[in-house]
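S.K.: Model the full assembly from the supplied sequences, consistent with the hints where possible.
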Amino acid sequence: MSIQATYLGMPLDINDLDVENLAYFKHCAAHDFHLQKCSACGLLRYPPTTACPWCASPKSEWMAVEGRGAVHSYTEVHHAIQPAFRQHTPYLVLLVDLDTQKGKPTEHEALRVVGNLVTPDGTLAPPDQVRKVGIGTRVRMVYADVTEGLSLPHWTIDESAPQPAKPWRYPE
Amino acid sequence: MAMPAETDTTIPKYLRDKYAIVGVGETTYTRGSGITTRALGTWAVRNAIEDAGLKPADIDGMLSYQSGDSTFSTFIAGDLGIRPNFYMDVFGGGSSTEALIGIAIGLMEAGMCKAVAIFRAMNGFSQVRIGGTGARSVAPVSGDALHGRAYGWQSAGQMFSPTFMRHMHDYGTRPEQVAAVKAIHSEHASNNPKAFYKKRFTVDEVVSSRFICKPLHLLDCCVETDNGTAIVVTSAERARDCRHPRVLIRGVVGRCNKPRTDMHYQHGPISTVAGHYARDILWPNSGVGPEDIDVTGSYDAFTFTTMLQLEDYGFCKKGEGGAYVSDGTIRLGGRRPNNTSGGHLCEGYTHGQNMVIENVRQLRHDADDSCPVGPDGKRRHTYDYREGGCRQVKRCELTANLGWANPGTGSAMVMRND
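From first to last, the protein sequence lines are chains A and B.
Offset between the first sequence (1-based) and the working numbering: plus 416.
Offset between the second sequence (1-based) and the working numbering: plus 139.
Keep in mind that a hint or two might mislead.
Stated by the list, open to error - Straight line, CA to CA, 20 Å or less: simulated EDC-like cross-link-like pairs of lysine to aspartate or glutamate:
no.: 1; chain 1: B; residue 1: Lys194; chain 2: B; residue 2: Asp380
no.: 2; chain 1: A; residue 1: Lys453; chain 2: B; residue 2: Asp283
no.: 3; chain 1: B; residue 1: Lys457; chain 2: A; residue 2: Glu523
no.: 4; chain 1: A; residue 1: Lys518; chain 2: B; residue 2: Asp228
no.: 5; chain 1: B; residue 1: Lys253; chain 2: B; residue 2: Asp228
no.: 6; chain 1: A; residue 1: Lys582; chain 2: B; residue 2: Asp309
no.: 7; chain 1: A; residue 1: Lys453; chain 2: B; residue 2: Asp309
no.: 8; chain 1: B; residue 1: Lys337; chain 2: B; residue 2: Glu536
no.: 9; chain 1: A; residue 1: Lys475; chain 2: B; residue 2: Asp401
no.: 10; chain 1: A; residue 1: Lys442; chain 2: B; residue 2: Asp283
no.: 11; chain 1: A; residue 1: Lys520; chain 2: B; residue 2: Asp401
Keep in mind the hints are simulated off the structure, nothing from the lab.
M.R.: Given below as structure tokens:
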């Protein structure tokens, strides 16, 4: 069933034909992160795709995946483009390497999942937290609930994980 | 000129130097053109045909690129009395220029037309802003964009920055090294009366300008402008009858990709860009290597894009791009100047065409706008590159254009003179 909703003032729209995204966000709405696992080669993939990027098999099943990992890279946005983000600057866009399947199928690959740095309740993180996070920071997945069947996965600092002494940050 | 020994080829050797760029043209680079993209495209194509010494009736192929922000080829053809035997308007921005030149060669090789005009017409400041502000920033988020724009990850700068940041992390690249790209291109622009920004900037001014999205300062980003640009490609044989000395196309690679081009960040190293793959087509096809190139045109949507491409096409070792762009090599008077018109950072934003146009003029030995004109109507280049001075590179026989769509996709072309 198609979904139309508004998040931070932005219209989000998933149509009936987009079965991969409907399934992906349905799991997110249950706060139970799932990715497609290829039925032929067994590799997980992100973001949702129609066929397997490694073996082209069209068959896959949704598998629960732990939402934990480390920041691979990031940008800290000071000049927001979308009006809804202007009141939240600076905000972080994080590319996070999941622990699951890191370095597979080749050493250069990982499931790199996009999200903002948020507080555990899913709201964009305040500046003091933005200043703490860099490449290597351990994060865990939390969600911003948008509507029934649609939550956006995000990242928050994993307070229970051992953190690097000094995550790499843009030199100030 | 003498060419190095052949290495390998992935195209038939006979295509090398078989086609030429015979005409280049543009409109004024402005913010607020006050005219339609149809008018911009018409004037640019008309100028390029005029520059070639051809008539509109000599053109029988048209190609353009756009993203729903321009006018289709048929209307420009109608305005100029061109009857195309082939036309195609493709979806695309950066890296389209070189890719369409490759397509133009294929069209002529297939016998489908004889002379092709390629144009890009855009009101990139006053209508559809290239930075993504305005109407584009409030469009509904659906499909693949749910994993991008929904996170405030939309503009080119925002989308590319994790690549830039990771390069600094992986190789210790410093902000002031990359800022040198803007400083040097601004020096070039100060010698280019056509440039939208002619003011010279220092590295300090770049790194102390406000942040847009780290690691990009305002002055690490290019200028949004309104302009039309056009290029005419025909066979090297027909080029003999055109107005200017021939500029021959040595080899092209078009829209070459990193793995996982649906979302290139899935495949690392993310500090490596498409040029890493494209170079294995470009150099063998061209029969030359980076060490042979006199002038580069490395796409400068951002300071970082220039650096990353020069590095991945092999102009320096991987990881040493920061040193390469800041040690004087890419400056006019240096060993291998880059973007001598000021490029996207200063001259104007054209999705790549102005860098090809500039290198055509460099190869014609006619890039100058300031040096005295001799009795034969030609510039007497002074090679004095001080502000307001000469822009022509003294020795320019081979150029390389490195076009950028995003970290995962790029195009490139090598040209030479006779």
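S.K.: Taking the hints in turn, state whether each one holds.
M.R.: Cross-check of the supplied hints:
1. B/Lys194 - B/Asp380: Measuring from Cα to Cα gives roughly 13 Å; hence the hint holds.
2. A/Lys453 - B/Asp283: Holds, at roughly 19 Å.
3. B/Lys457 - A/Glu523: 18 Å, holds
4. A/Lys518 - B/Asp228: 41 Å, violated
5. B/Lys253 - B/Asp228: 18 Å, holds
6. A/Lys582 - B/Asp309: 15 Å, holds
7. A/Lys453 - B/Asp309: Since the Cα atoms of A/Lys453 and B/Asp309 sit roughly 31 Å apart, the hinted pair is violated (cutoff 20 Å).
8. B/Lys337 - B/Glu536: Outside the cut-off at roughly 27 Å; violated.
9. A/Lys475 - B/Asp401: 19 Å, holds
10. A/Lys442 - B/Asp283: Given that 20 Å is the threshold and the Cα spacing comes to 16 Å, the pair holds.
11. A/Lys520 - B/Asp401: Satisfied, since the Cα-Cα distance of roughly 18 Å is no more than 20 Å.
In this structure, the hints that do not hold are numbers 4, 7, 8, in rising order.
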